[in-house]
Every structure is written in C-alpha cells, then in structure tokens.
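Protein chains: 2
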Amino acid sequence: MSKLAGKKRPLDAGEKAILATKKKIKGTDEVLAQVDKLCSLAKKEPARAKTLAELHLPQACREVIEKDADAVLDEVEASLYTVAASILRGEGFSYDVPLRTKGNQMYVPELDRIVLKDACGQRPFANTQTNRKAVITTRVLGLVHELCRKRIHVTKRDLFYTDVKLFQDQLQSDNVLEDVACMLGCTRSSLHVVASEKGVVVGRLTFREDGDLINCQRMGVGGKAVPPNVDKVTEIRSDAMFILLVEKDAAFMRLAEDRFYNTYPCIILTAKGQPDVATRIFLKRLRDVLRIPVLALVDADPYGLKILSVYMKGSMNMSYDSSNLTTPDIKWLGVRPSDLDRFNIPEQCRLPMTDEDIKTGKRLLEEEFVQANPAWVRELEIMVTSKVKAEIQALSSFGFQYLSQVYLPLKLQEGDWI
Amino acid sequence: MSKLAGKKRPLDAGEKAILATKKKIKGTDEVLAQVDKLCSLAKKEPARAKTLAELHLPQACREVIEKDADAVLDEVEASLYTVAASILRGEGFSYDVPLRTKGNQMYVPELDRIVLKDACGQRPFANTQTNRKAVITTRVLGLVHELCRKRIHVTKRDLFYTDVKLFQDQLQSDNVLEDVACMLGCTRSSLHVVASEKGVVVGRLTFREDGDLINCQRMGVGGKAVPPNVDKVTEIRSDAMFILLVEKDAAFMRLAEDRFYNTYPCIILTAKGQPDVATRIFLKRLRDVLRIPVLALVDADPYGLKILSVYMKGSMNMSYDSSNLTTPDIKWLGVRPSDLDRFNIPEQCRLPMTDEDIKTGKRLLEEEFVQANPAWVRELEIMVTSKVKAEIQALSSFGFQYLSQVYLPLKLQEGDWI
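Those protein sequence lines, which keep their order, are chains A and B. In terms of my numbering, the first sequence has 262 at position 254, counting the first letter as 1, and numbering is strictly consecutive. In terms of my numbering, the second sequence has 247 at position 239, counting the first letter as 1, and numbering is strictly consecutive.
Careful, some of the hints might be misleading.
Simulated crosslink set (DSS-like; lysine-lysine; CA at most 25 Å straight-line) [claimed, not checked]:
id : chain 1 : residue 1 : chain 2 : residue 2
1  : A       : LYS280    : B       : LYS240
2  : A       : LYS164    : A       : LYS280
3  : A       : LYS51     : A       : LYS280
4  : A       : LYS240    : A       : LYS164
5  : A       : LYS30     : B       : LYS158
6  : B       : LYS158    : A       : LYS31
Here are the simulated distance ranges between beta carbons [as the list claims (entries may be wrong)]:
id : chain 1 : residue 1 : chain 2 : residue 2 : range
7  : A       : ASP177    : B       : SER394    : 37 to 47 Å
8  : A       : SER94     : B       : VAL385    : 55 to 65 Å
9  : B       : ILE426    : A       : ASN183    : 15 to 25 Å
10 : A       : SER94     : B       : ALA25     : 31 to 41 Å
11 : B       : ARG371    : A       : ASP76     : 33 to 43 Å
12 : A       : ASN381    : B       : GLU376    : 53 to 63 Å
Hint data in this document are derived by calculation from the structure and do not stem from the laboratory. Where is the CB? At the ideal position from N, CA and C, for every residue including glycine.
Only chain A is shown next, with the shape it has when bound in the complex:
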C-alpha cells in the first residue's frame, strides 16, 4: 500500500477557498429542497401539453404523431387506395405531398415550437418534373409497408441500399422518407426507420426494451445505450426528482462513477455532443411519462447553447415532427458564463472566443427561445461581452470530483437554474 498517501501538508489559498465552498453544502434533504419545489411544479402541469388540434388556430396546420405499426399499415394502404381511386376517376396517378419548405413553416407561441402550415404539392406520375419522385414515393411506401408488416427496424442507409438503382443517392431516399412521414401523418420512427443512437443513460430509471427489463441504476459506469427504437420502450418507472442532461461524456462518466444519482435521485443522460434523434425522442418520452424537470449541464460556450436549442426547439428540416422531438422546458443549470466569476474559474481555464463563436453567440441572442427568457439573455450577453468561454471540465481545476461533490450540489441547493 502507498506509503506517502497519509502525509499531510498545510492547505494553500486556493485549496482553502474550495474547502469554504464545500462547507456551504448542507444535508441531502436541504440540497434537494429547491429541486423538490421545481418537481412539484412539473407534476402540476397538465398531464400533456396542448395539441395543435386543441388550439383551434385560424390557419390550418400540420403535425405528425407517433403511430403503431398497424396504424401505419392502414395509412399506407389508404394512401394507395386514394391514388387508385384517382386513376379510376381518370384523374391520373398522383400523390398529395405536404410541403416542408421554410415558407410552409410557422412558429406557434402557444406550443413554443415550429409546425407546418397546410400547403401541399402535387406529385403526378405523368409529368417529367415529378415522375421520378412519384416512383420513389411508391417504392418507399412499399418498403415502409414491409417494415411495419415484419415489425423490424432499419436505418436510412439500409433503406437506400434496397434499391440503389432507383434512388441513385441516399439524399433522394432520405428526402422522400420525410415526405412519406408527413403524408402519413406519423413520425419517421413510426415508419420503422430509425437513427443510430449515440446516447447513454444511467440513474434512477427502469424500463422494458423489447421485453427486457433494464435497470439503469445497475449499469456500471458505462451506462445503458439509449434505445434506437422508442416504440419498443415500455413500463418507464423512476423515483428520480430530475433528469440531468449532460453535454459531454467526460462529465457523464464522472457522475456515473461517483454514482451521483444515489445521493441525489436523478436520471443522467448524454448524447455525447450534438444530440441525435434517438436521444431526443428518449428525453422527450422520459419527460412526458415521468413529469420531472430537466436540468442541463453544458459548456459555457455558444455551442453548448446550440445543443440546448436542438433539444428544446429541434431542427428546421424536421419541424413537422417537433412535437415528438423537442422538450421545451429545459432549465439551464450550468456551466453558465456568470459561473466563471462566481466559482473563481482560473484565468487559464477560460478560453478566448473565436470570431465565429462570437457571431454564433450574437445570432443566438436574436433567437426567440433565448429572448423568451431574460435570464438567458443576460448570460449570453456576459458571454459575448467578456469574449471568454469555458468547458465543463474547467471545474476539474479544483479537483476531479469538484463537479459531483461541490458544484452540482451547491447549484441544486441554491435552485440556481434559469
């Protein structure tokens, strides 16, 4: 065993400051009191957010919903009966395809997300402009029918390879696949075409995936890979008080190894950087079923905020599916620009922002989801004025476990989220 391990030396000024911060942290119940209040608020919200239909907007809008395999089979068949009827009426072979262009998108403040307006395009077979697309649409409808019938899931790449001769390149099959989702009024994952997942989860959560009982409190340090097919996830149960959404896997690993969730009951989820569709759907599902708050831990830079915006607002080109992909009410816990001074992050751990960073920061300041929250505006202004950024790992300069033992407990205790 180590012979030097027991030796003590007097603390320096920096170490004394860390110790003083650490002493502020009270017992677990007191740390969790603020979270508990937030949690009660979340539980009091209506069981589900309003749907587009319930809003009775003057303008007709379109959104997709999750449908099970049988419902999708019915939709595919219905769309082909419609086409057949049109042919029999002598009006020819043509699809009605909802437009997904920016001109057909609309921000709905009541829902706090973007939806599609109801404009549709014709896709007739007997037209040189649309002939190929009509054929591809038919083929994709056929493939989706096969997938739903066999109850199997594939990736977009697999779909492309079933008929390379027709699709020519993957962009074409991907694009028509999104069209088909809109046409059938269901999410892309309902079509049994899924994204490959990058995310991992640990903490106070159990669920069944394809029948297997998964206990995320017993998943070691590596965690459970996020399920690629959320329709195979059932029986979600948890005694967590909040979901901790973490940008990076290094921070995830620290919290998983320290079993942070044992002391502070939570579910820890990361997409390891830019969030993929599977992780976004999974987060949304957890939030809806458990109705507990989501607290985010991201880098104090424009990219960290961009990641939050993807979770909260989604991306433009999948706006028709925003209700299933977005979790609007995420709280920004840290690392926030104001934390750098508050926690005395050393100068050398603060990185200068590039011109590109500053531009991105300024663009974010103009976005609706930031402007809707004055506290976010203040933080972003600190960032673009001070022109410095910092990673979550900057907290390691106070010791490897500062994140799990000091920073996060103090943040929770003080209810310091915005």
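Add chain B to chain A, keeping to what the hints say.
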C-alpha cells in the same frame, strides 16, 4: 390490421435466387459445426500468449502491463525515491524516460506485434531543453498518484484542466501521460486515465461492472455501452461460441433486433466505426478470458480492413501498450471482395473506389499482417484490381434481414472465414 399483407404474386428471378441461397442453410447444429471446430482450436491454445520476457530475445525490450491501483502507487513512489536518491548523490533531479519514437520500436514475429526497444532518454530538471517537461512529468506523476489513491477515473481532458497554466495545451499533458505509463511499466488505463467509450455490446455475455451484474442478453436492441474502465469489469461469463465484431452500428442494430445471438450463440460487439481504446481493451479481455474465436464483419473496402488492422496490430504511437490493446487472431468473415460475385451483389451497390482508396489498398498489401495471410492478400488483390468496394448494407438489396437470416448463417455453415 393490414388488408394487403396476405396477397401473393409470383417471384421474379432475383427473388428465386435469394430463395435458392436461403435453402442451402441447414439446421442450427449443422450451421455451427465449423464454428465449433474453430472454437475447439481456440480453447486448445495455451491459456495465455507468450510474454516478452519468456521469449528471451537477444535485444532487451519493453512492454507495459495492467497494474492495480496499489501497484501503480508503489511505482509512482519508487520513481520519486529514485529521483530523490539521485539528488542526494549529487547527480541532480532527472527522470529516465523510455523513448517511444519509431527508431525505438521493433516488430516481434513471435508475438506478432510491435514492442519498444530499451532506449531511454534523460529528462533533467537543470537543463533549459527539458526543464518544462521534467516539471510536467512531476505534476502528472502527482495527479496519477491522486487518482489511484482515490480510486477514481478521469479523461485526458480532465487531467489537462487540472493545471492549464502548466500544461498550456492538451498535447503536452497527453504526451507526458504516455511517457509516464512507459516509465511505470503499466497501461494508460492502469493510471486511471481512460478514453471515452463509443462501443456497444449485446449477446450471450454476463459480467460485473463496478459491482453491477450486467446481462447482455437482456439489453434490448440498443445494447450495453462498453465499460470505459476495464479494471472495474469482473466475473466475465459466457456460453457464446464466438465473438462477432461488427464495424457499423446499422449492422449491429439489425443483429440485435433479430436476436441473432439466440439462434447462433455469440457476443456481438461494435465500436461504431474507428475502434476506440475502451472497445479494443474490452475485446482483448473477452478474447483472453473466454478463449473463443473472433469473427469480423466489416465493409469490403480498404477502410474496413484498416479497422481490422487497428484491432489486430494497434496504432504506432501506442505500441508500448500493444499487448493489452491488440487481438491478433481475428478472422475476416465478411464482407469480402470475393463475396460480391459469390453473393451476386447488384452492380449498383458496388461503389467505384477513389484514387485514395486504391492507394490505401495497395499500402495495406505491403503490410506484414496482411502478407502473413495469403488468403487476405488474394482478397485485397481482387479489391484493388476490380476497383470496386461495397458496404455491409449492400446486402440489404436482397431484403432487410438477408444479413441475419441468410448471409451470416451460410458463412458460418461453410466455415467461410480467412
């Protein structure tokens, strides 16, 4: 329920060909007979490969081994006692650091891997050339001591952030960290500095990770994330006959969803592209403990082979650690260039190789690990002569489940690996 689902139409020529191939597949026992032979061979191998020491090479060589936290603490303290003794002798403050440069590397055919020769460099404190590096080395030794004492794991990035002022950029702390691993004669993961993992695993495997019992047969479709710290993995148990190493997550998902491992007892592992250190260590550990063959399923392109070479040979800059990172005896199951004709992969699923691809292919042809296996040389020659490549997903052109229901069973039945 679907109304069109039951309708039948006559098969076309392509479908008849697929059906004919499918009919070749016999019962599970017959499919597995060849694998069983390979498995017996693997079990008959000596319990562990020869070590460098047992070879009694004329030239002194150096390799690192996995050590537990207490052993690393002892090594750190011993290295500092050595330095202290040197100071007391009036010979000054200096470290002996093994050289990791190409000139100090050597291929050992008996081990089939690269190791370090025994050249060392001096790193004196009282020299303007090495002063900074000597200080950084001391700091890293101190940090490693702390990690092993606290029994916690961090990433290289965390390590860098503990003293940004000193390290200046992460390359410097990363580089010295590798030096320290060589100095102490242990792997980098023994220093409790780990890589973030990307890999996932499913199949006939149970193990404990940090005490948690993990059953990879009950991990849904998403699978279990590969543990980042292999030293927390214990009690590895399996009734699998082989490990199926898969390049891409799309193929992994197909096999996981089809529960391929239920019919053909195996462990399915993927690093989702370029293999990370954690997945390589995990594969090596599985292979050593279970002593079952490893069959690889990669794209039929030079990049797929590059990935195999990383699993088998490792990378040059971590050659001191090759014994813990490499799994030399991987069998190339598919997709092989000769499969394209054998399985009648349609022309449009065969992609033209770029000039860069062809160059990479030709470079691989000259590498020792390829030349050691004439069957591999023949396959690579087919690739660079035909100038076409194909992805695993090209098999989807015969149907989404062709991979799991036809291609792999037939390959296994025929013992068609090289």
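Straight-line Cα separation of A/LYS30 and B/LYS158 no greater than 25 Å?
-> Satisfied, since the Cα-Cα distance of roughly 18 Å is no more than 25 Å.
Given pair status - A/LYS31, B/LYS158, alpha carbons within 25 Å = 20 Å, holds
Status of the given 33 to 43 Å range, CB of A/ASP76 versus CB of B/ARG371 = Given range 33 to 43 Å: violated, Cβ gap about 51 Å.
Is the gap between the beta carbons of A/ASN381 and B/GLU376 within 53 to 63 Å?
-> Cβ of A/ASN381 to Cβ of B/GLU376: about 60 Å, so the range 53 to 63 Å holds.
Take the C-alpha atoms of A/LYS164 and A/LYS280, compute the straight-line distance between them, and say whether it is at most 25 Å.
-> This hinted pair holds, its Cα atoms lying about 21 Å apart.
Go ahead and decide if the range 55 to 65 Å is satisfied by the Cβ distance of A/SER94 to B/VAL385.
-> The hint (55 to 65 Å, Cβ to Cβ) holds, given that A/SER94 and B/VAL385 are roughly 59 Å apart.
That 31 to 41 Å hint for A/SER94 and B/ALA25 (C-beta), does it hold up?
-> 36 Å, holds
So the hint says 37 to 47 Å: do the beta-carbon atoms of A/ASP177 and B/SER394 match that?
-> 22 Å, violated
Would you check the hint for A/LYS51 and A/LYS280, treating anything up to 25 Å between C-alpha atoms as holding?
-> With Cα atoms ~28 Å apart, A/LYS51 and A/LYS280 exceed 25 Å; violated.
Is the straight-line distance between the alpha-carbon of A/LYS280 and that of B/LYS240 25 Å or less?
-> Status holds; Cα separation ~22 Å.
Does the Cβ distance between B/ILE426 and A/ASN183 fall inside 15 to 25 Å?
-> 40 Å, violated
Would you mind confirming whether the straight-line C-alpha gap from A/LYS240 to A/LYS164 stays at or under 25 Å?
-> Satisfied, since the Cα-Cα distance of roughly 19 Å is no more than 25 Å.
Checked against the numbered hints given earlier, the structure breaks hints 3, 7, 9 and 11 and satisfies all the rest.
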